[in-house]
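Using my numbering, the letters of the sequence shown correspond one by one to residues 65 to 352.
Calculated from the structure, these hints are not laboratory results. Please note: incorrect hints may appear among the correct ones.
[Unchecked claim] Straight-line distance between alpha carbons at most 16 Å, and here's what the computed EDC-like set of lysine to aspartate or glutamate pairs gives:
no., residue 1, residue 2
1, K271, D226
2, K271, D338
3, K271, D339
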Amino acid sequence: MAANRSAGVSWTRSKHADVSAGFADIDWARPWLASIEARGRRWQTAALAGYDNYLATLNDDATAAAQVTGRGKPLAFIAQEALPSGASYEGHIAQTGCVPTRHNLHDFFNASMWFAYPRIKAALNARQAEQIDTLGIGPTRGGVRDALTLFDENAVFFACADASLGRALRGFGWRTLFVGERAAWGTRCEARIFGHALLEKLVAPYKACTGHAWIVDVPADYFSLDDAARRAFIDGCVSERLNAAPIDSRAFAPLPVLGVPGWWDANASPDFYDDVSVFRPGRRSRGC
Numbered sequence: 065m066a067a068n069r070s071a072g073v074s075w076t077r078s079k080h081a082d083v084s085a086g087f088a089d090i091d092w093a094r095p096w097l098a099s100i101e102a103r104g105r106r107w108q109t110a111a112l113a114g115y116d117n118y119l120a121t122l123n124d125d126a127t128a129a130a131q132v133t134g135r136g137k138p139l140a141f142i143a144q145e146a147l148p149s150g151a152s153y154e155g156h157i158a159q160t161g162c163v164p165t166r167h168n169l170h171d172f173f174n175a176s177m178w179f180a181y182p183r184i185k186a187a188l189n190a191r192q193a194e195q196i197d198t199l200g201i202g203p204t205r206g207g208v209r210d211a212l213t214l215f216d217e218n219a220v221f222f223a224c225a226d227a228s229l230g231r232a233l234r235g236f237g238w239r240t241l242f243v244g245e246r247a248a249w250g251t252r253c254e255a256r257i258f259g260h261a262l263l264e265k266l267v268a269p270y271k272a273c274t275g276h277a278w279i280v281d282v283p284a285d286y287f288s289l290d291d292a293a294r295r296a297f298i299d300g301c302v303s304e305r306l307n308a309a310p311i312d313s314r315a316f317a318p319l320p321v322l323g324v325p326g327w328w329d330a331n332a333s334p335d336f337y338d339d340v341s342v343f344r345p346g347r348r349s350r351g352c
């Protein structure tokens, strides 16, 4: 998330206007956007009206939701150029509650996740800030911050009530997961995209688009819950895991997201999964 966030990056109103056309390209019929559609449509309208209007809308929602960031500061959104010189992006959010936000799709989806999964976003911010406090800002992030950033940018929650499906995912068992167990999707497993960079990529979907799956064990009755209750469940249990122990990049399993049943028309044919450049063979020697 911190890429190009330094104070040396200058974002003028004209530059924001140049990128605003990307907001019009969001297709709310995409199934992976269903959880954020209602708020997202309002934000999209505001973003197309202009950067100031967009930030005002985000802040109205943040005030109404009374959400907080990693160190309990009230959540707010500020223009990117308001990030003080020399300040780190994650550290500034933790210390002030203010999220530097550009007028682009990447930050649009980042802000969306603050509302869809507020406890997870706060936990990630707290852990990132701890790392910055301990190690400072250097030429490299270090393993823990790399993993936290990977999670923030590209994570997909694989909610699973059947351990065999988690094993198929970890073991690159694509035919099992997507063809043989196709009926399990929506009843024993599902995917929910969290990573905002991944959501940005999926505005223009392509077959090789791959997320980093974080397996979330859920009870069978999870699948009888409505969308809001499912998100709340994941928000709670994943944030607890993030707060309890450090993570590293080996905790993830690759998931080609357009392979998820119901997410892409072409995957109705089993032949879709024969493309080994996307659905690669492999074997994991350890669990997540």
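To see whether the hints hold, each was checked on the structure:
At roughly 26 Å between alpha-carbon atoms, K271 and D226 are farther apart than 16 Å, so this suggested pair is violated. Restraint check for K271 and D338: the C-alpha separation of about 12 Å stays at or below 16 Å, so the hint holds. The straight-line distance between the Cα atoms of K271 and D339 is roughly 10 Å, inside the 16 Å bound, and the hint therefore holds.
Hint compliance for this structure: hint 1 is the single one not met.
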